[in-house]
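Participant: All chains, please: the whole structure from these sequences, using the hints.
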Amino acid sequence: MGNSLGNERQSSAKKTFMEDPRYKQCNKEAIIVCVLGIANLIWWFAWGYGLGLRDPSEYSYVMGFPMWFFMSCIVGGLLFVGLTILIVYKYFKDMPLDKLDPEEAKKYEEGMDR
Amino acid sequence: MTFEGIRWDVLFPIIIYFIFVYVIGFYSMKFVGRATARVGKGFLQEYLMSDRTLGGFVLAMTLVATYLSAGSFIGGPGTAYTFGMAWVFLAMSQMPTGYFTLGVLGKKFAIVARKINAVTVTDFLKERYENKFLIVLVSLSIVFFISAAMTAQVIGATRILEGALNIPYEVGLVFFAVTILVYTIIGGFRAVAYSDALQGIVMTVGVFAVIIAAIIAGGGIPNIIQEMRAMDPGLISPTGPDPEFTSIAWVTSFWILVGFSIVGLPQVATRAMSYRDSKSLKLGIIYGTVVAMILLLGMHLLGAFGVVLVPGIESGDLVVPKVTTMLFPNWVAGLILAGPLAAIMSSVDSQLLIGLGAIVNDVYLNIINPKAKRTSTITFIFAALIGIAVFIAAFDPPELMVWLNLYAAAGLKCTFLWPIILGLYWKRANTPGAFASIIVGIASYISFDIMWPRPLGLHTIVLPLVLSLAAFVIVALVTKKPSDEVVEKFWSI
Numbered sequence: 006m007g008n009s010l011g012n013e014r015q016s017s018a019k020k021t022f023m024e025d026p027r028y029k030q031c032n033k034e035a036i037i038v039c040v041l042g043i044a045n046l047i048w049w050f051a052w053g054y055g056l057g058l059r060d061p062s063e064y065s066y067v068m069g070f071p072m073w074f075f076m077s078c079i080v081g082g083l084l085f086v087g088l089t090i091l092i093v094y095k096y097f098k099d100m101p102l103d104k105l106d107p108e109e110a111k112k113y114e115e116g117m118d119r
Numbered sequence: 055m056t057f058e059g060i061r062w063d064v065l066f067p068i069i070i071y072f073i074f075v076y077v078i079g080f081y082s083m084k085f086v087g088r089a090t091a092r093v094g095k096g097f098l099q100e101y102l103m104s105d106r107t108l109g110g111f112v113l114a115m116t117l118v119a120t121y122l123s124a125g126s127f128i129g130g131p132g133t134a135y136t137f138g139m140a141w142v143f144l145a146m147s148q149m150p151t152g153y154f155t156l157g158v159l160g161k162k163f164a165i166v167a168r169k170i171n172a173v174t175v176t177d178f179l180k181e182r183y184e185n186k187f188l189i190v191l192v193s194l195s196i197v198f199f200i201s202a203a204m205t206a207q208v209i210g211a212t213r214i215l216e217g218a219l220n221i222p223y224e225v226g227l228v229f230f231a232v233t234i235l236v237y238t239i240i241g242g243f244r245a246v247a248y249s250d251a252l253q254g255i256v257m258t259v260g261v262f263a264v265i266i267a268a269i270i271a272g273g274g275i276p277n278i279i280q281e282m283r284a285m286d287p288g289l290i291s292p293t294g295p296d297p298e299f300t301s302i303a304w305v306t307s308f309w310i311l312v313g314f315s316i317v318g319l320p321q322v323a324t325r326a327m328s329y330r331d332s333k334s335l336k337l338g339i340i341y342g343t344v345v346a347m348i349l350l351l352g353m354h355l356l357g358a359f360g361v362v363l364v365p366g367i368e369s370g371d372l373v374v375p376k377v378t379t380m381l382f383p384n385w386v387a388g389l390i391l392a393g394p395l396a397a398i399m400s401s402v403d404s405q406l407l408i409g410l411g412a413i414v415n416d417v418y419l420n421i422i423n424p425k426a427k428r429t430s431t432i433t434f435i436f437a438a439l440i441g442i443a444v445f446i447a448a449f450d451p452p453e454l455m456v457w458l459n460l461y462a463a464a465g466l467k468c469t470f471l472w473p474i475i476l477g478l479y480w481k482r483a484n485t486p487g488a489f490a491s492i493i494v495g496i497a498s499y500i501s502f503d504i505m506w507p508r509p510l511g512l513h514t515i516v517l518p519l520v521l522s523l524a525a526f527v528i529v530a531l532v533t534k535k536p537s538d539e540v541v542e543k544f545w546s547i
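Chains as they are written, first to last, in our numbering: chain W, 6 to 119; chain L, 55 to 547.
If you are wondering where the hints come from, they were derived from the structure by calculation, not from laboratory data. Remember, predicted model here, so these are calculated numbers, not experimental data. Be a bit skeptical, because a hint or two may be false.
Said to hold, decoys possible - Selected chain W positions facing chain L (in silico; Cβ < 8 angstroms):
1) Phe22
2) Met23
3) Glu34
4) Ala35
5) Cys39
6) Phe50
7) Tyr66
8) Phe74
9) Ser77
10) Cys78
11) Gly82
12) Phe85
13) Thr89
14) Pro107
As the list claims (entries may be wrong) - For each label pair, taking beta carbons as the anchor points, the in silico distance ranges come out as:
15) W/Asp60 to L/Ala443: 49 to 57 angstroms
16) L/Gly366 to W/Pro101: 54 to 62 angstroms
17) W/Pro101 to L/Lys84: 24 to 32 angstroms
We put the CB at the ideal spot given by N, CA and C, even for glycine.
Facilitator: Printed below as a string of structure tokens:
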């Protein structure tokens with residue numbers, strides 16, 4: 006239970022815990038996915054409104070779809086499925102998910118450096 | 055009430071499909087049965103998490119099936135019927151569902167969940183913020199909003215049975231309700247996940263078949279699109295027949311509403327702690343994205359094309375059943391109609407389980423009786439009670455289920471999004487911050503919804519989420535840091 010002495014001891018001991026070495030990679034993966042999501046939004050928006058806002062009588066068509074829709078949704082959908090596969094295989098690393106003991110954590114860290 | 059005119063030939067494949075779902079329920083019951091002997095949380099590990107054993111395929115299917123609900127299968131195509139390609143375009147904002155949820159919560163969420171032995175999202179919040187009142191608040195939010203969402207879903211399903219098969223509403227409701235209740239209650243999360251996988255397959259195959267048949271029946275895509283254009287050029291433009299309604303800002307803000315912020319839905323986030331290993335996650339992301347794209351494009355195109363195939367139907371919600379029964383011999387139509395039913399079942403079953411988790415795990419076990427030994431009995435009792443309450447509510451159905459459903463989802467997102475994300479990635483995130491974010495989020499959502507539904511032209515959800523983030527960060531920075539124990543529990547090895 007807290008008294009000021011105990012708290013002090015804890016805050017001085019704060020630095021001693023070893024941060025889970027897996028988190029660095031986890032954070033990296035999360036950032037990559039955010040970038041992918043934003044890129045997906047930009048692609049969708051740029052083609053959809055870039056080509057779609059003119060008068061429908063001026064549309065050109067691909068496979069029957071208006072060009073804006075084809076590029077934004079059909080090509081965009083396929084492209085981002087492709088990018089997802091690429092990113093998952095290129096940047097996502099396999100790792101154990103269970104609690105690590107200090108030795109396993111060390112081993113994992115060394116493995117990451119390779 | 056009359057049973058005349060029920061289309062048994064359409065109903066037959068649906069019944070077979072329901073039997074499969076029961077089989078999955080009984081199969082999972084073996085695991086649940088074994089787990090009832092476990093003490094305290096041990097039972098809930100199986101019942102709410104299937105002991106964290108999901109593989110990639112089942113993970114993807116249960117995620118997508120849970121999220122793509124009646125909104126995407128009935129309401130979505132129904133609205134696309136009215137708004138044409140603009141609504142298909144809008145629907146594609148849900149494309150990130152697969153990769154975004156699993157990628158952002160990612161392995162970190164799974165690792166933390168294992169460290170602290172969390173079986174619900176609220177468990178995570180409880181360990182991270184260590185405040186009983188917060189737990190009660192989020193649990194109430196779950197029970198309230200999830201019940202609303204479930205009711206909307208159940209109504210949607212019963213409408214399908216009514217519209218396509220002429221089954222009287224009350225009969226369809228009971229038929230549907232009993233099935234979901236039975237397999238969810240006896241089989242827990244394992245039954246839900248595996249039946250979601252079956253439902254995902256049925257949906258995907260069904261969507262493929264029906265969109266191809268619809269394109270052929272309409273004389274090819276070029277022909278359908280030109281006929282839509284002849285009816286109203288707005289039907290093939292991204293701003294729709296009513297550009298003021300489907301404005302650029304509003305449509306784009308759906309990327310927040312149904313794309314990115316769904317990380318904050320507890321029934322979605324729970325899935326991100328239930329998979330077996332990092333390989334399952336990789337495959338889950340890939341399958342999830344592929345399936346999401348097929349289902350979204352297929353269902354919404356079908357709705358939009360429906361205006362050519364079955365013009366002038368009284369309610370857009372009926373477009374999928376109408377097109378399906380028009381295009382296929384009856385027994386095939388039944389098989390395909392199982393798709394939207396499956397979508398609804400797979401959303402309702404997970405919501406039921408989340409509501410149950412909130413009551414039994416989050417309130418009963420975490421607060422009322424932390425020393426409870428046998429958690430199985432009380433779990434089954436509450437499961438039956440919640441289920442029955444929802445189905446009674448569904449007997450008196452309100453209109454416009456899509457909006458009701460979106461309203462519930464918004465409330466959950468305002469509650470959970472920032473406490474989960476910041477709790478996971480920001481060491482400085484603390485309890486007062488979490489409170490501020492939930493209160494500001496929900497209060498501002500409700501106020502905007504009533505007084506200014508499209509602030510700055512955006513969907514109502516956007517500003518409350520921004521405000522709730524700001525409230526969290528500001529309050530967290532001016533109040534005390536979280537205790538070292540909490541930080542260490544979450545961040546150390």
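Participant: Hints the structure violates: just list their numbers, smallest first.
Facilitator: none
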